[in-house]
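Peer 1: Residue strings, one per chain:
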Amino acid sequence: MRLRIFTYAVLVAGCLFAIFPYFLTVLTAFKGPGQLSETMPWEPGLPPSTAAFGRLFDSGFGGYLVNTALVTAGITLGQVVFAILAAYAFARLSFPGRDALFWVYLSTLMVPPVVTMIPLYLMMQKLGLVDTWAGLMLPTMLGTPYAIFLLRQFFRGIPADLEDAARIDGAGRFRTLVSIVLPLSKPILVTVTTLAVVANWNSFLWPLIITSSEDKRLLSVGIALFKGEIGVDYNAVMAGSLIALAPLLVLFIVFQRFIVRSVAVTGLK
Amino acid sequence: MLRPAPRRTRQVGKAQQTAVAYALLAPSLVGVLGFLLAPVVIVLVLSLFDWKLLSTPEFVGLANYSRLFADEDVWHSLLVTLYYVVICVPGTTILSLLLALLVDRKLRGMKYFRALLVIPWMATPVALGLVWSWIFDPGRGALNQFLGVFGIDGPAWLSSPVLAMPSVAAVHIWQFAGYNMLFFLAGLQNIPRSLREASSLDGASPVAHFFTITLPLLRPTMLFVLITNVIGSFQAFDTIFVMTEGGPGDSTEVATYLIYDEAFRKFDFGYASTISVLLFAVVLFATITQFVYFERRTTYEVSG
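Keeping their order, the protein sequence lines are chains A and B.
Using the UniProt record's numbering, the first residue of the first sequence is number 1, and each one after it goes up by one.
Using the UniProt record's numbering, the first residue of the second sequence is number 1, and each one after it goes up by one.
Since the hints were made in silico from the structure, they are not lab data.
Nothing here was measured: the structure is a model prediction, and the numbers come from that model.
Possibly wrong hints are sitting among the right ones.
Okay, the calculated bits of chain B under chain A, using three or more residues with CB under 8 Å as the criterion [as the list claims (entries may be wrong)]:
1. 13-20
2. 63-76
3. 92-103
4. 135-143
5. 196-205
6. 263-271
7. 277-283
Below, simulated BS3-like cross-link-like pairs (lysine-lysine); rule was C-alpha separation at most 30 Å, straight line [said to hold, decoys possible]:
8. A:Lys126 with B:Lys52
9. A:Lys216 with B:Lys106
10. A:Lys186 with B:Lys266
11. B:Lys52 with B:Lys266
12. B:Lys106 with A:Lys186
13. A:Lys216 with B:Lys111
14. A:Lys126 with A:Lys186
15. A:Lys126 with B:Lys266
Label pairs and their in silico Cβ distance ranges [said to hold, decoys possible]:
16. B:Ala15 with A:Ile253: 48 to 54 Å
17. A:Lys186 with B:Ser205: 41 to 47 Å
18. B:Phe211 with A:Ala69: 47 to 53 Å
In this text, a Cβ means the ideal position worked out from N, Cα and C, and glycines have one as well.
Next comes chain B alone, as it looks inside the complex:
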């Protein structure tokens, strides 16, 4: 087929095209540079200042950072956040992968099952937190009433320092397992069916097939699901805000909650910025580590 002359040789003004491009980009440039990148720079600068409400900002160098490293509350909240991440990420990933294997079959009505499983993803987290608080209510709540049917005396889920965090994390898993299932499902459907037939002809068991063929081929999907979930669960706030308010004690006081508390209840903007920088560094580190790990594994597979 004959093509018209390549567009780029048309000299109808490179300058004009540049002008059009930047006109189209103008709104998003303001958004990205002004409201995403500039705040990162500002938060770094703020972390070097002592600035409480009504006081004038005062440059204090790294004083906020030395306070940070000595602050047990900060380290505690970081540990609490890690605890949350360590429950949520494997929980969501494994459950969503199992669901994907289950719905990756041609059965009647399968599309309705898939749709139903995705519904929790859209739920407003604050509303969801309240609904689950009601389910977890020690007296009249559905969970303990249900356990009561079997003669089990259910605990006070959200006011127990031991159970509060797993309970809150369970809500996260409940909300996002179906959603992440969709990504694994897409990944599974990209695997050529011939591979499955070949390995069943070889007499490989479904389990062996899963670990030797399916799982390695799902690696890009796995990376995507892990990274988005890690970033997401490091920022948990909404459900915790309504379910436990960081309590009981400080047993669910995740980093985001601490930052909110320092900035908008104690109005210590400088120090809250310093904690933000720490959280950002941790999230970046976790993200980059995963990239590097997956990169290595893939190279290893290819060379080995």
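Looking at chain A on its own, in the form it has when it is part of the complex:
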């Protein structure tokens, strides 16, 4: 009994510690400039003020938000679709070079993105894609080795008999993939999509390098540069951070059960 109370106490403390920066962000974002210096950081500013958000949106933040949502959706869609196709080929088809190629894919997991950053930039320059949507999205949207790996493992666990039956009935490869394999793969698809959305929404270094014009600016780059432009306007900086943090937080709350269960799956190799 005493152990249980102790466990709960530690858990509550841990969870408070995990989420208190979010609280501070919300509190600070809704304070007016005067309230910031009159209240403790953990006290709410009364009445709440949305002035900070007004300043943000005046400086083009709405555009960054739309850009980030569209680019995240576009890259994620590409990554998931192309990873499904590749994973299906690796899991179900036999062709010369399959195992060697799969090994090549896996080995690229060890390449740190920092290492590829300069060559990628120069490649985009050669292709004339610096500061374009294509340059921003192309290098990552063709499927990630990690997603391909996770999907392949899952597809291999689906009994091939199911597909054979459909194929005897005359369904083609593509039909069996869409109507039999994918519906059975929902858990792993949620995992792969979540990992992709988080990575793409949060992406910073590549957008920082490859885009320069303001109409193509993403949230992450926007708030990082914002700090330099306006100095220590913590109200506005926290309002901007809140806009960046909130959508993933909502996503997490909605899919919380799936995510917690499925993230753990990815570590089991």
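Chain A is already provided as a structure; the job is to place chain B on it using the hints.
Peer 2: Same frame as chain A, now just chain B:
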């Protein structure tokens, strides 16, 4: 149960299957070969060139490497990176393992606690860096205001050369402890419950049980968590970019930051590539060392 004839004997064209396979693989092949493998080759080639913005690339052999070995900034940034890794990796690993032990119990509401602990993992690192800069703010920030309640005069966390790095590393630990907890939790739940009951019947203390049974059985999870964290923390950039910009002085100038600086502020692509190669070599070395270490330990257990 009767099975249909093995698929592979169906001669409906091996060639056709190969064609379908490569059609399905085409997009990811472009991605993996063109945007992951080719850049590795290119960065190696670039490291042999002197190439600044607006100049024509000139082959200089290993000149960049001799400059690298004599460059104190590079070695300093490598040490700074190692310092960051040495705080983050054990900090994250130990904390996440402790959390996993804590949430691996059947208690009411446990799934909500698990979920709350994972939330920081999803946070945009740049936004997070700004939020923590605000918490660490020496004047109005939450941390020093909180310390002030107890009459403690808190330091200027991020502008002190001594405290800046531990502060930045603490944010990394805060962000990833809950996430890594999930892997340990999965590992713990794979350990048969009968083992736990057996050792408690033997009268082993929970602590002894942990070190003799649980920890060795968690070895594959441990390897996964260590490797992903080492690779991840060697590449720290986003939070440092917004929290300290490598400063104060160069006390948080990690390797990634130096590479970014050389390539995209000084436009010295050749030399920046050389530093990239060095960082890649260090990350590879660290990864392979861990594999070998864990391999040996496992063999030792089996033979001993």
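Peer 1: Now look at each hint and say whether the structure bears it out.
Peer 2: Structure-based check of all given hints:
no. : hint                               : verdict
1   : 13-20                              : holds (count 4)
2   : 63-76                              : violated (count 0)
3   : 92-103                             : holds (count 3)
4   : 135-143                            : holds (count 5)
5   : 196-205                            : violated (count 0)
6   : 263-271                            : holds (count 3)
7   : 277-283                            : holds (count 4)
8   : A:Lys126 with B:Lys52              : holds (16 Å)
9   : A:Lys216 with B:Lys106             : violated (49 Å)
10  : A:Lys186 with B:Lys266             : violated (47 Å)
11  : B:Lys52 with B:Lys266              : holds (8 Å)
12  : B:Lys106 with A:Lys186             : holds (27 Å)
13  : A:Lys216 with B:Lys111             : violated (40 Å)
14  : A:Lys126 with A:Lys186             : violated (40 Å)
15  : A:Lys126 with B:Lys266             : holds (20 Å)
16  : B:Ala15 with A:Ile253: 48 to 54 Å  : holds (50 Å)
17  : A:Lys186 with B:Ser205: 41 to 47 Å : holds (44 Å)
18  : B:Phe211 with A:Ala69: 47 to 53 Å  : holds (48 Å)
Violated hints for the displayed structure, listed by number in ascending order: 2, 5, 9, 10, 13 and 14.
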